[in-house]
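Here is how the chains run, residue by residue.
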Amino acid sequence: MEQEIRKQADELYRRGLLVFNQPITRERLKLVIELWQKAFELYHKIGDESKAREIEKSLVNMYKRKSIKMEKKEKQRNNVAIKFRDWDLFFKIGCFGFGGPMAVFTLLENELVSRKKILTDKDFLEGAVLGDILPGPVTMDIVTYTGYKLKKWSGAIISTVIFILPAFIFMIILAMVYSKYNITPKVETIFKCLGAAVTGLIVSVGLKLGEKEIKDYRGAGILVWAFTSSLIFKFDILTIVGLAGLAGMLLYPRG
Amino acid sequence: MNTLLKLSWVFLKIGAFSFGGGIVIIPLVESDVVMKYGWLTKREFIDAVTLGQITPGPVVISATFIGYKVYGILGAIVSTVSVILPSFLMICLAAQAIKKFHGNKVLANFFRGARVAVIGMILEAGLSIGKSSLIDFKTIFIAGIALICLLKYKLNPIWMLLGAGIVGLVS
Numbered sequence: 001m002e003q004e005i006r007k008q009a010d011e012l013y014r015r016g017l018l019v020f021n022q023p024i025t026r027e028r029l030k031l032v033i034e035l036w037q038k039a040f041e042l043y044h045k046i047g048d049e050s051k052a053r054e055i056e057k058s059l060v061n062m063y064k065r066k067s068i069k070m071e072k073k074e075k076q077r078n079n080v081a082i083k084f085r086d087w088d089l090f091f092k093i094g095c096f097g098f099g100g101p102m103a104v105f106t107l108l109e110n111e112l113v114s115r116k117k118i119l120t121d122k123d124f125l126e127g128a129v130l131g132d133i134l135p136g137p138v139t140m141d142i143v144t145y146t147g148y149k150l151k152k153w154s155g156a157i158i159s160t161v162i163f164i165l166p167a168f169i170f171m172i173i174l175a176m177v178y179s180k181y182n183i184t185p186k187v188e189t190i191f192k193c194l195g196a197a198v199t200g201l202i203v204s205v206g207l208k209l210g211e212k213e214i215k216d217y218r219g220a221g222i223l224v225w226a227f228t229s230s231l232i233f234k235f236d237i238l239t240i241v242g243l244a245g246l247a248g249m250l251l252y253p254r255g
Numbered sequence: 256m257n258t259l260l261k262l263s264w265v266f267l268k269i270g271a272f273s274f275g276g277g278i279v280i281i282p283l284v285e286s287d288v289v290m291k292y293g294w295l296t297k298r299e300f301i302d303a304v305t306l307g308q309i310t311p312g313p314v315v316i317s318a319t320f321i322g323y324k325v326y327g328i329l330g331a332i333v334s335t336v337s338v339i340l341p342s343f344l345m346i347c348l349a350a351q352a353i354k355k356f357h358g359n360k361v362l363a364n365f366f367r368g369a370r371v372a373v374i375g376m377i378l379e380a381g382l383s384i385g386k387s388s389l390i391d392f393k394t395i396f397i398a399g400i401a402l403i404c405l406l407k408y409k410l411n412p413i414w415m416l417l418g419a420g421i422v423g424l425v426s
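The listed protein sequences derive, respectively, from chains R and A. The opening position of the first sequence corresponds to residue 1 in my numbering, with each subsequent residue numbered one higher. The opening position of the second sequence corresponds to residue 256 in my numbering, with each subsequent residue numbered one higher.
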């Protein structure tokens with residue numbers, strides 16, 4: 001009788017171990033816990049305390065480690081690539097990308113970081129840094145980088161194409177009108193008011209980001225330096241970002 | 256076909272060397288499009304750039320206009336793709352490379368400094384756009400309302416821009 005129970009318990013433990021060694025999912029984890037729980041009860045019943053304690057320990061351990069790891073993994077997967085389906089967002093932003101790269105940057109920041117919390121501020125600013133360092137319009141660079149962050153190459157292609165589409169269509173229509181009548185439509189008053197709104201937008205995001213990113217006097221110093229050198233000395237963006245990066249390498253600790 | 260290839264080559268070149276944004280490359284485009292190939296007259300070229308600034312999106316979208324003038328819709332598609340392609344590839348490769356160097360402390364510090372500089376330039380962009388677009392009581396009022404709506408009430412900026420556009424259309 002006792003031997004039979006022991007055999008049964010051994011079998012349960014072994015089956016649990018087999019499942020445990022496969023790639024872990026929530027269902028499998030549940031199964032393993034169930035099997036080992038039963039084995040634990042059986043060992044306990046026949047009075048084999050040392051075996052029971054052993055199982056209990058591995059149960060606790062596994063529960064802690066695997067569940068944490070799995071949750072993290074699941075969160076990452078859900079957060080970025082799989083769940084993101086709102087690619088029409090890039091179309092909307094493409095329609096309103098007046099006022100240069102910073103306007104687009106702030107629109108994307110608002111949607112993806114502040115609202116949906118899919119990307120972090122750090123990801124975002126890194127995209128802008130790359131956009132400034134690499135050739136090509138910074139606006140496009142930021143959009144492409146965001147798409148890449150969301151879904152690798154396919155994301156980059158989708159976001160870039162969708163973003164450029166409104167401007168492309170608008171431009172073709174304008175070109176047709178221009179070819180036919182040799183005039184450019186007067187849309188200036190609209191853009192004057194848009195420019196004013198964009199000013200508010202850019203300042204608000206600048207303040208918000210500055211609050212988050214600047215933690216000490218070094219950051220504040222670099223910020224002031226970048227601001228004044230682009231305002232007063234009209235340095236090239238590449239120079240400003242490059243020098244700020246070098247300053248970061250010198251000022252921040254290596255360890 | 257030959258024209259399409261030339262068009263593509265011109266804009267690939269421009270896409271690959273336009274550091275730091277639109278306006279910088281305009282002399283570069285002009286020397287090829289107006290002087291070398293004579294695709295557009297000087298006047299047409301200036302209009303193309305103006306339209307590029309009016310339309311949403313980066314100024315390089317002028318490429319679409321120029322492409323259309325030279326070779327119709329097909330020309331527009333070819334030149335737009337060509338002007339985007341170099342920076343598209345570079346940014347994707349750079350994003351990939353950054354991941355590999357993630358543990359690198361020196362690079363991390365570089366980005367830490369550069370990120371802050373970007374914020375400084377965002378604020379500067381706000382100021383300089385403000386200087387050219389806040390010209391009367393109405394525009395200052397719009398900018399103030401926009402700032403309050405965004406910071407305090409967290410309004411979606413897309414709706415705010417739409418509203419501002421409508422105000423511009425009506426007045």
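Think of the hints as simulated: they come from the structure by calculation, not from any bench. It should be emphasised that the depicted structure is a prediction, and the values quoted were computed from it without experimental measurement. One or more hints might be untrue.
Said to hold, decoys possible - In silico SDA-like pairs for lysine to any residue, Cα to Cα no more than 25 Å straight-line:
{"no.": "1", "chain 1": "R", "residue 1": "K116", "chain 2": "R", "residue 2": "N61"}
{"no.": "2", "chain 1": "R", "residue 1": "K208", "chain 2": "A", "residue 2": "L406"}
{"no.": "3", "chain 1": "A", "residue 1": "K354", "chain 2": "R", "residue 2": "E11"}
{"no.": "4", "chain 1": "A", "residue 1": "K354", "chain 2": "R", "residue 2": "G219"}
{"no.": "5", "chain 1": "R", "residue 1": "K117", "chain 2": "A", "residue 2": "I353"}
As the list claims (entries may be wrong) - Label-pair ranges, simulated between beta-carbon atoms:
{"no.": "6", "chain 1": "A", "residue 1": "I403", "chain 2": "R", "residue 2": "D121", "range": "31 to 37 Å"}
{"no.": "7", "chain 1": "A", "residue 1": "K261", "chain 2": "R", "residue 2": "P23", "range": "51 to 57 Å"}
{"no.": "8", "chain 1": "R", "residue 1": "L238", "chain 2": "A", "residue 2": "Y292", "range": "27 to 33 Å"}
Beta carbons are placed, not taken as given, at the ideal position from N, Cα and C, and that holds for glycine.
Results of checking the hints against the structure:
no.	hint	in the structure
1	K116(R) <-> N61(R)	violated (35 Å)
2	K208(R) <-> L406(A)	holds (8 Å)
3	K354(A) <-> E11(R)	violated (45 Å)
4	K354(A) <-> G219(R)	holds (24 Å)
5	K117(R) <-> I353(A)	holds (21 Å)
6	I403(A) <-> D121(R): 31 to 37 Å	violated (22 Å)
7	K261(A) <-> P23(R): 51 to 57 Å	holds (54 Å)
8	L238(R) <-> Y292(A): 27 to 33 Å	holds (29 Å)
Comparing the model with each earlier hint shows violations of hints 1, 3, 6; every other hint is respected.
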